[in-house]
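Protein chains: 2
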Amino acid sequence: MGGEEITSPNALPMKGGDGPYSYTKNSYCQRDALDNIKEMINEAIAENLDIKHLSPITNTFRIADLGCSVGPNTFTSMHDIMEATELKYQSQGLISKIPEFQVFFNDHTANDFNTLFTSFPPDKQYFAAGVPGSFYIRLFPKASLHFVHSSFALHYLSKLPKEITDINSPAWNKGKISYPSSSKEVVEAYASQFAIDFESFLNARAEELVCGGLMVLIMTGIPDGSSRFQAVNATLDILGYCLMDMAKMGLVSEAKVDSFNFPVYSPFCQEVKELLGRNRCFNIERFELVTRTRDVAVTNAPAVTKHTRAITEEMIKQHFGSEIIDELYDRVFHKLEEFPQFLDAIFKRSTQLFVVLKRQSIMD
Amino acid sequence: MGGEEITSPNALPMKGGDGPYSYTKNSYCQRDALDNIKEMINEAIAENLDIKHLSPITNTFRIADLGCSVGPNTFTSMHDIMEATELKYQSQGLISKIPEFQVFFNDHTANDFNTLFTSFPPDKQYFAAGVPGSFYIRLFPKASLHFVHSSFALHYLSKLPKEITDINSPAWNKGKISYPSSSKEVVEAYASQFAIDFESFLNARAEELVCGGLMVLIMTGIPDGSSRFQAVNATLDILGYCLMDMAKMGLVSEAKVDSFNFPVYSPFCQEVKELLGRNRCFNIERFELVTRTRDVAVTNAPAVTKHTRAITEEMIKQHFGSEIIDELYDRVFHKLEEFPQFLDAIFKRSTQLFVVLKRQSIMD
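Chains as they are written, first to last, in my numbering: chain R, -11 to 352; chain E, -11 to 352.
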């Protein structure tokens, strides 16, 4: 409740407002992936949402989107979930029992809720609320939610493992801003933090979901045994290269690059499966690695640069100041043009994990 | 739900952020009044909150603050309500049944929710959510709230009666920005709008409160038979004088003053009593006109000027532009110094209405 909010720099706000580099205008990569996934959510609701035995019987169906950012993807997802749930009531001959819907939009306190609130769809058919705070802790009362959705948010760690910025630690992450090409110790530090966070996430949701309630998680996930260089990691890698180039030219301090790391981690499927297995509160209804089939139109250099900027600019600014921003993303753009294999990597290797969990009736 | 949000200029955002003229830093007049009222809320909960028969039995006690602005008053009020409710459970030997608390902070979409969210007390013992939207429509699911609180918000009308800016109407409010010294037609137009809004408010809350749930309303209220020049009206009156002075000097356009009005109305007690009587969903547990005993320290010219600026600046800016702001409030300050009877009027005539309503079990 109070006091546990994770503060900057670990909170990773998307760029707010609706300017040319805002998340609102540059979240099409997520959107595209969600289009593939809409049908899978519909299936989860049709097959796994047992509305007759949802406990407690309710006149209000409460949905939470955890890590919602500022839209518009969250509005589409919430609309789709609501529609699929209504369809389920209809298909079971329970039209008269269709509840009212209340949707909770959650993200870090640093998220631009003002922008989120002013962009609510005018025809929304639910009662809306914003819930600021880290989803690695409790955000809702016990057994108060019927459906939890989280899309492309769980790769953000609650904090950086502190050893990676400790110059005296074997896990010091010198000259990098992410972990894929770092030492074993750095990778392990990241993986351990992810495990702690994901367990906290599951424990909090186990308390908040009613028995029989569903949770759909869409998260970055890497095929077991393949390279750790994947979508979001590749993006951060390019950014890291450009920062180091600028450090070498004396445009940013190398020490600043050394002390900067993105608290972002993409697990292998096996890691997620193991953590889910350890938590006894949920049945795994579906666990699937989905390949993204993104349009080439959104994987060209200008598009990827804009997208990268939308998701990283705020944090770069906080650490390096705003004066380097334009040059940095200009370099990202040229690097992408120069090494098209980066674009190829982002495009080809794009996978995500789709998980459907049902809250079990008896607590462990 | 969707589409009913009341938009600017009728939404009256308090000045956001935490600068020297922000509402956060200048809401002490409300705070002072609330201090007198805390004890009355405690009494309402002790005497009128029937937790044993609150329907439905709940593990979550949901409180809404309607028109919360950006703090800090709302945090104090919510804390006090929570504490008094816990005390009630304890006094009835129900310590083990004390529920979790969820608090919904509501205000217009134009409210600065980002500031509100970043200023949550770090030790708050409740789950918090922000709910953007006009409280003159439904904001919450049916029977989902146990306690509704609204303090100094119901004098804001949902919109201006349109005839008062209609040059061809007998209710055209020429040369004024409020109604107390206007024609009978103008006053009636304001009063009718208040009646419509207050009824909408009661109807929406009747749906949202559980049976036995309480609603505490603290609102501007004028003793029957006395002058309409009271606290908030007096403040707007001074502002109106200053704007007309500036119009005469050609510093603002007179037509702009003519077309500008604050959607603010302070009812006589009798008006509120009649409207409550017409709505059959609530029992009136308490209805009391309370006299404010404000400290002289907060009713001197600089303090009143700052307070006036905090609650009016945003709307003045929207209509007249920001270039007149400093001069306008400078004039307000000098007017207050020149005519100390204004300060006296604000000080002496300060009353508010304290109303406790209980949601009845059977709908009309």
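Hints listed in this document are in silico derivations from the structure and should not be mistaken for laboratory results. Treat the hints with caution; some may be incorrect.
[Stated by the list, open to error] Partial chain E-side listing against chain R, Cβ under 10 Å, derived:
| hint | residue |
| --- | --- |
| 1 | Thr48 |
| 2 | Tyr77 |
| 3 | Gly81 |
| 4 | Ser84 |
| 5 | Ile86 |
| 6 | Phe92 |
| 7 | Thr103 |
| 8 | Phe108 |
| 9 | Ala116 |
| 10 | Ser132 |
| 11 | Cys199 |
| 12 | Glu273 |
| 13 | Phe275 |
[What the hints assert, rightly or not] So these bits of chain R aren't anywhere near chain E, every CB distance computed over 10 Å:
| hint | residue |
| --- | --- |
| 14 | Asn102 |
| 15 | Val119 |
| 16 | Leu127 |
| 17 | Met237 |
| 18 | Leu264 |
| 19 | Gln306 |
Just so you know, these numbers come straight off a predicted model, no measurement behind them. Ideal Cβ positions, reconstructed from N, Cα and C, are used throughout, including at glycine.
Notebook entry, point to check: Can you list which hints this structure breaks, lowest number first?
Noted result: Violated hints: 2, 3, 4, 5, 11, 12, 13, 14, 15 and 16; rest satisfied.
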